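Note that the protein sequences, when read in sequence, are chains G and X.
Following the numbering used here, the residues of the first sequence are numbered contiguously, the last one being 311.
Following the numbering used here, the residues of the second sequence are numbered contiguously, the last one being 339.
It cannot be assumed that every hint is accurate.
Stated by the list, open to error - Quick list of the computed label-pair ranges, beta carbon to beta carbon: (1) G:S172 - X:I133: 46 to 56 Å; (2) X:S323 - G:K77: 48 to 58 Å; (3) X:E26 - G:A237: 49 to 59 Å; (4) G:K77 - X:F319: 52 to 62 Å.
Hints are computed from structural coordinates only; laboratory data are not their basis.
Bear in mind the structure is a predicted one, so any value in this text is a computation, not a measurement.
Every residue, glycine too, gets a C-beta built ideally from N, C-alpha and C.
Spelled out, the chains give:
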Amino acid sequence: MGIETTDDERGLSEAGVPPVRRIVVDGETPPVRVAHRIGNGASPGLDEPFAVEQDFEAVWVEERMRIESLGVRFGQKEAVKDVSLQVNSGEVLALIGPSGCGKTTLLRSLNKLVDLTPTAIRSGRILLDDEDTAYMDDTLLRKKVGMLFQQPNPFPMTIFDNVAYGLRERGSKRPGKKALEPIVVDALERAGLWDEVSDNLNHPALSLSGGQQQRLCIARSLAVRPEVLLLDEPCSALDPISTAIIEDTIVNLKDEIAIVIVTHNLQQAERIADKVAFMYLGDLVEYGPATQVFNAPMAERTKDYVRGDFG
Amino acid sequence: MPSLTLEATGIPEEVEAGDPTNRRVELMLGALASAVLLFIAGMIIFTLIKAWPSFANNGLAWFGAGGNVDQQLSDIFNSPADPADYVYELRAWPLIWSTILISGLSVVFATFIAVFSSIFIVHFAPTALQKLIEPVVKYLAAVPSVVYGLIGILVIVPWINNNLITEQMRASVAYVIQLDGSSVMAATMILTVMILPIMIALIVDSLRAVPLNWREGALALGVNKWRAVRTVSVRAIRPAIVAAAVLATARALGEAIMLAMVAGSIGFAPNPFDGILFLFEPSRPLAPSILDGEEGLSVVPFGETMYAFGFILIVSCVFFSFSGWAIRQSLSRYGIGAR
Ligand SMILES: Nc1ncnc2c1ncn2[C@@H]1O[C@H](COP(=O)(O)OP(=O)(O)OP(=O)(O)O)[C@@H](O)[C@H]1O
Ligand SMILES: [Mg+2]
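Modelling step: build the complete structure from the supplied sequences, incorporating the hints.
This is the structure we're talking about:
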């Protein structure tokens, strides 16, 4: 897969029109997508044209998933009500909100893991690359939309087998160890764990520390090359140093992968998020660029929550 | 109302490090465990001493084949009264082979069936069915073996005799043995059913104990449910499967009544070279041999021979327990708390 920038990009950009890029997959050209370029941390609004003269570290922002009036009920209990959101690659989207407001439920809807709960009833649409996930095979969807859980959950196998797991068990053919090795190494490197485990790939994964286990789980997800990565409070059980390493990892990944992270740690959201969605009792109260949600929130509830005087 | 202090309730405020109660409990439990171990060791040694004349008179040939084992047993039973003339000659291979064959086949079949049905019960059956199957299966574990024997002798044995054994089969082995339905097959079928419930109960419980976390982790990687269960849950409970198989082996080795009823009660070694036919040949494992020899126990050399059978059974059970333990150790290498 290669990325090609069209010739007319510069011309269009100078005219104040967002640039266009084509993704070439094995020679085929899928429909052109409109992308937006945003600055280094300071995110202008989605539809704002940007100034070319500014010295940007350019990041492509492109819609990956679209959530259209999603509702989730567990029996009588409405956990998520009419939420519409967009998940873009090149960005980190943080979901914040008080406990029980439906963040995990929303996240688990994105890879249809919530459907495993017998009482769950889901309404609305979730699109992945303009395709309705309702009609996608669960396994196919989950290959594209990876997920990291609140508690690190490495399998009771070696470190190597953990990272290779998804590649080995997802298809009908099990690739050999030789073929897997470069992928495993690459995934561990991208998860920022390689230096610590390169000598003991055959050690049990459960002998790693909590922070290492969580990064191993990141590597395990990355090995299957997801387009979107969902993280449910990935740092809640970790010390500040492990947290910092994982935050670094996340920021480094966002160029290639759309990232959605649930967090109770507002400082963390401020540090890594480009977009923030604030939920309250199942409602999406506010959704916008991180700077705006944190510095100039529009809703009263958001204001209270981000200032910490939440009841 | 005065606040309730710990003092008032009589609960000690804090437990001291060297609490004498702790110490006492430790000692008591330790003593109990040692007593159990001593008892088992004592039983093994006692059995060996009692069995010794039988082993000593035959040497390693005891375990070998040769002659008609039923004839030998009857000669031992009819030993002259003078201890100097006691008859001990025995070639026990047909009985040992029958034990290995019937227990081994049953445990192998039962392990497969138990694993798959446990997976079905825990992960694929509708909740209503789950709620029905589980207690039923656990109850089956409590059915007395004589009932299984009865069903075997009244239903399974005639069924095999009438439907599976052809006249050619009967004719082809008529010069050594008569086929009447009492067979390795009947014994294996019923023994499999008998040891299944306990295995399913154990495996179902351990499958339930596999953290949901692990399965969700696998599903979230785009692995389908069956694969996730097989490669994560079943992998994780391999130690429990081994434990269940060991328990089932012990149960199978010790089963006497049902096997005495359906296996054929003939000291014949079914011959795998007879092809599929060997499944229809009768035999008699060690445990039912002891049961059958019950009325001869007062004849000293015969009793000693029975002790020898018992000794083999005890030692096999101990051996399987230890190998099961060793296998579990190596299998749980990657489990929780691994280092
Ligand atoms: N399996 C379930 N069955 C019934 N109700 C559920 C289930 N899972 C979640 N809920 C309910 O849905 C609501 C949202 O839960 P959710 O786990 O999404 O909250 P959350 O925002 O992730 O909370 P936290 O920050 O504490 O993790 C809660 O009120 C919860 O009780
Ligand atoms: Mg949650």
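Going through the hints against the structure:
no., hint, verdict
1, G:S172 - X:I133: 46 to 56 Å, "violated, 31 Å"
2, X:S323 - G:K77: 48 to 58 Å, "holds, 51 Å"
3, X:E26 - G:A237: 49 to 59 Å, "violated, 34 Å"
4, G:K77 - X:F319: 52 to 62 Å, "holds, 56 Å"
When each numbered hint is compared with the structure, violations occur for hints 1 and 3.
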